[in-house]
Amino acid sequence: MSYTITLTINRVPRTLELDDPRITLLDLLRERLDLPGTKKGCDRGQCGACTILLDGRRVNACLALALSHDGAEILTIEGLAEGEALHPMQQAFIAHDAFQCGFCTPGQIMSAIGLVGEGQTGADPERVREGMSGNLCRCGAYRGITEAVVEAARAMAADGQGRAA
Amino acid sequence: MNRFEYVRPRSVAEAVAAGAVPGSAYLAAGTNLLDLMKIGVARPGRLVDLNHLPGLDGIEHQADGAVRIGAQVRNADLAHDPGFRRRFPAVAEALLSGASAQLRNAATVGGNLLQRTRCAWFQDTASACNRRDPGSGCDARGGENRLHAVLGWSEHCIATHPSDFCVPLAALDAVVEVEGPTGRREIALRDFHLLPGTTPERESVLAPGELVVALRLPAEAAGFAAHARYAKLRERTSYAFAVVSAAAALRIVDGRIVAARLALGGVAAKPWRAEEAEAALAGAAPEAAAFRRAAEAALAAARPSGDNAFKIELARRIAVRALTLAAAGTPERLPALPASPFAPLSGGRHV
Chain A
1 MSYTITLTIN RVPRTLELDD PRITLLDLLR ERLDLPGTKK GCDRGQCGAC
51 TILLDGRRVN ACLALALSHD GAEILTIEGL AEGEALHPMQ QAFIAHDAFQ
101 CGFCTPGQIM SAIGLVGEGQ TGADPERVRE GMSGNLCRCG AYRGITEAVV
151 EAARAMAADG QGRAA
Chain B
1 MNRFEYVRPR SVAEAVAAGA VPGSAYLAAG TNLLDLMKIG VARPGRLVDL
51 NHLPGLDGIE HQADGAVRIG AQVRNADLAH DPGFRRRFPA VAEALLSGAS
101 AQLRNAATVG GNLLQRTRCA WFQDTASACN RRDPGSGCDA RGGENRLHAV
151 LGWSEHCIAT HPSDFCVPLA ALDAVVEVEG PTGRREIALR DFHLLPGTTP
201 ERESVLAPGE LVVALRLPAE AAGFAAHARY AKLRERTSYA FAVVSAAAAL
251 RIVDGRIVAA RLALGGVAAK PWRAEEAEAA LAGAAPEAAA FRRAAEAALA
301 AARPSGDNAF KIELARRIAV RALTLAAAGT PERLPALPAS PFAPLSGGRH
351 V
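Sequence lines, in order, name chains A and B. For the record, in the first sequence the residue sitting at position 164 is 164 according to the UniProt record's numbering, with numbers rising by one throughout. For the record, in the second sequence the residue sitting at position 305 is 305 according to the UniProt record's numbering, with numbers rising by one throughout.
No lab work stands behind these hints: they were computed from the structure. Careful, some of the hints might be misleading.
Derived, one-sided and incomplete: chain B residues facing chain A with beta-carbon distance under 10 Å [unchecked claim]:
no., residue
1, R8
2, L27
3, G30
4, M37
5, L103
6, E235
7, T237
Here a beta-carbon is modelled for each residue, glycine too, at the ideal position from N, C-alpha and C.
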């Protein structure tokens, strides 16, 4: 049996035929839609590498069944930059050397944008660290990540971009 | 993951009819169920998707002061609801001490109640586990079991219930609203989860096909808002299940405790309400000696189920900590590390 769902992915509406009900949003993005920026780390909701924005909220794409999210809007790392202009969070990660191998980075950046949108941490590094605890970095770039998120949170607040991804 | 039939009901009645078919499982966020399906622990033949059902995602503050929370409300939305956070601060703190922000954005109230144990032996299909495979034995008994139960366990199962959310819910007399093939009923949260006994595969009192539709906190529970905290010890600073935890809520009048609520997490197969401790606190001054007596009473029946005798004293101490924090007063804003013993009482950094 096949299923038809619609998703808006990085602002583009898509109608998708799924031949298998087991497909997660993560596998859909990576294996069927040629969007491998979202990473598969643990595939069990423990590492945060697959973080995307689902209707504006950060979630683990590995634990989201695609069929369950029929009609949703999805934003991935591929949808952040506008042409050559990087998102302020992407710029801040570069400016603060917030990665080493880069595998966790798309998830870190999507999670950080979700965190700013939630509006619970402000630019308090202590709250940012706690709010980012669902994203593991095996290179240990946490110091740079925290600095980047704090700076971008300030910049996005100043630009009134708190909710804009 | 096994293949399954996917069903998307349009009403609660349709959902219950679909869920009553043997082999069915309800799918909320899937943060626990999909994970268990990936490792082969759960193998439902059909998933009944609750995500498109109308009417299950509201937080209703009722006229009498109670709050009714739809089963599909997401953990983060409940924790950050201003009215809820103000009136039930220990519940909000417990929610925010659990999992990660991503998981809290997805995970639901109903799913949290029904989440399965994180016992490694339960999750490993090559191991014997009476909870997963009745009658097969319990490899946790002779295995790595330092985080297992110290209260209410049996020789058949020593697993713990992993929820933080359920601990203050047990303390505050929450009520679960259930709809099933034979109609609607209400179950006190304290009676909702079952101790293992000889049938650890029965984890809750839900009958096949019964669906959690809402959770209610009575108006009386908001009477503790000025002195209500959740404290949780983890093996790392954040994003970990409790080794032990405690929800404490006090009503203090003229320097005396007139009512006390205490429940423990991480110690049993259900959130553990400690009524003996509550009785020990009634009428006492909110001071260390009374808190220690209460903690002794709460753990009086505790015994190790393996290499975990340390958890008994740890549970006493987290109970004392939660009571001490509650007596000091609910903070205006939760600390940066909700529920953490490493969160300072005011200001400062945690490390």
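Unmet hints by their number, sorted upward, for this structure: Violated hint: only 6; rest satisfied.
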